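Participant: Take a look at the letters that make up each chain.
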Amino acid sequence: MAELESILIEEAKQDSRAFGELVLRYQDRLFNFLYRMTGNREDAQDLAQEVFLRVYKALHRFRPDAPFRPWLYKIAMNLAINHAKGRRPTALLEEDVPSHGPLASPEGTAEQRETQQAIRQAILELPEVYRAVILLRHVDELSYEEMAQVLEVPLGTAKVRLHRARSLLQEKLREAGIKGGDHELQHRATAHPTLPG
Amino acid sequence: MNCNIAQQLTQHFLDNALSQAEARTLELHLEGCRDCRSYFIRLERTTLAVESLPRLAAPPDLYVRTMAAVAQSAAAPRQPQRRWADLGLMAFFALAGLLIALQSGPELADSLADLELADPFSLVDSLFVVAASLELSLLAGAALIFAAGCGTLARLIAWGQPSPAH
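Protein chains in written order, with the numbering used here: chain X, 1 to 197; chain Y, 1001 to 1166.
Just chain X, same shape as in the assembly (with noise of 0.2 Å):
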């Protein structure tokens, strides 16, 4: 996998059109996550056209023996931390659709759609670094290490970003009142499936 990614960024300095296998490859990734951070499909669109021209105008410079995923997002990263910048924060208007993946279902209830909902906007609420890194990790499934290049910080520092950016973003879900109460609460914590030991 790695290596193939290598071969492709190698031609794809040479031969623009071998670019476009490198763009197939990372579109749709890229997409979701500059539409996570936005909250807007235009605008997602345009930051991501302009992470491929920025990663295509560089590709020149870019070491075989580097990789290739954190400094794609590290681009994508910024940009949209930027084109954040001065703006009010977004309130979702549209619906997550098309979608595709394992986990997207056109189908689901009512009260699903509702927390989706809650949770793409508590996203964007977080300020833009922790958004991004919730992103990363949870979204994007990028490992500590690649988070940690992404975010040009010691591994240490990533994982204490990614602690407050899931405090944050709880704390803002209970706000708003998504399900979850103590009683529910209580009832799983006390068979809990998935704590070891």
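Rather than coming from a laboratory, the hints here were simulated on the basis of the structure. These figures come from a predicted structure and were not determined experimentally. Ideal Cβ positions, reconstructed from N, Cα and C, are used throughout, including at glycine. One or more of the hints may lead you astray.
Covered stretches of chain Y, as calculated for chain X (at least 3 residues, CB under 8 Å) [said to hold, decoys possible]:
| no. | region |
| --- | --- |
| 1 | 1008 to 1018 |
| 2 | 1039 to 1048 |
| 3 | 1052 to 1059 |
| 4 | 1067 to 1076 |
If you anchor each label on the Cβ, the simulated ranges turn out as follows [to be verified]:
| no. | chain 1 | residue 1 | chain 2 | residue 2 | range |
| --- | --- | --- | --- | --- | --- |
| 5 | Y | A1069 | X | T157 | 33 to 41 Å |
| 6 | Y | A1074 | X | E152 | 26 to 34 Å |
| 7 | Y | A1076 | X | A176 | 47 to 55 Å |
| 8 | X | V160 | Y | A1023 | 19 to 27 Å |
| 9 | Y | S1073 | X | N82 | 18 to 26 Å |
| 10 | Y | G1032 | X | T157 | 26 to 34 Å |
| 11 | Y | G1032 | X | E152 | 40 to 48 Å |
| 12 | X | I7 | Y | A1091 | 37 to 45 Å |
Starting from the known structure of chain X, fit chain Y onto it as the hints suggest.
Facilitator: Quick look at chain Y alone, frame taken from chain X:
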């Protein structure tokens, strides 16, 4: 264990970074602490909710637009002014080197003649002596400042050109 530590352990649990012993300690605390139990469940639920958000596909025209922009960028000459600036910088360095050679060459020859060198070791020694002479140092310093100034000028010429992204 106090609640702050329990909440930290909850975060580590979500990072899959808890040892068995830590997990057992956390579990014991959660059994007796309603607040931390609520925090644990809320945090885990939040994480799961984020992970279950739908993944959106890129709009079909993103690829087309991106590749059009890439083709346009590939067709454009890459920073011609920057190339000229680099050439200018190289020329200035060459000139500075030439000046040093012209100025110090005869002095060097005289110095070497004065030393009446007999073998390679004394030649090396004498070169150090000559290089350390005040006159040559001043000359070299002036040439370096001159070259640095020219380099800055060349960079200023290139200023305004878009720089590659990092």
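Participant: Could you run down the list of hints and mark each one as holding or not?
Facilitator: Taking the hints in turn, this is what the structure says about them:
For the region 1008 to 1018 of chain Y, the stated coverage by chain X holds: 6 residues have a C-beta nearer than 8 Å to a C-beta of that chain, and at least 3 were required. Proximity of the region 1039 to 1048 of chain Y to chain X, defined as three or more residues with a beta carbon under 8 Å from a beta carbon of that chain, is established by the 9 residues found. Counting residues of the region 1052 to 1059 of chain Y whose CB lies closer than 8 Å to any CB of chain X gives 8, so the stated coverage by that chain holds, three being the minimum. Residue count for the region 1067 to 1076 of chain Y with a Cβ under 8 Å from a Cβ of chain X: 6. That meets the three needed, and the coverage hint holds.
Between A1069 of chain Y and T157 of chain X, the C-beta spacing of about 35 Å keeps the proposed range 33 to 41 Å intact. A1074 of chain Y and E152 of chain X have their C-beta atoms about 29 Å apart, which keeps the hinted 26 to 34 Å range intact. Separated by about 48 Å at the C-beta atoms, A1076 of chain Y and A176 of chain X satisfy the suggested range of 47 to 55 Å. Between V160 of chain X and A1023 of chain Y the beta carbons are some 21 Å apart, a value that agrees with the proposed interval 19 to 27 Å.
For S1073 of chain Y paired with N82 of chain X, a C-beta distance near 20 Å keeps the hint of 18 to 26 Å intact. In this structure, G1032 of chain Y and T157 of chain X meet the distance hint of 26 to 34 Å, their C-beta atoms being roughly 33 Å apart. Between G1032 of chain Y and E152 of chain X the Cβ separation comes to about 41 Å, which falls inside the hinted range of 40 to 48 Å. The given range of 37 to 45 Å is respected by I7 of chain X and A1091 of chain Y, whose C-beta atoms sit roughly 39 Å from each other.
Taken one by one, the earlier hints all hold for this structure without exception.
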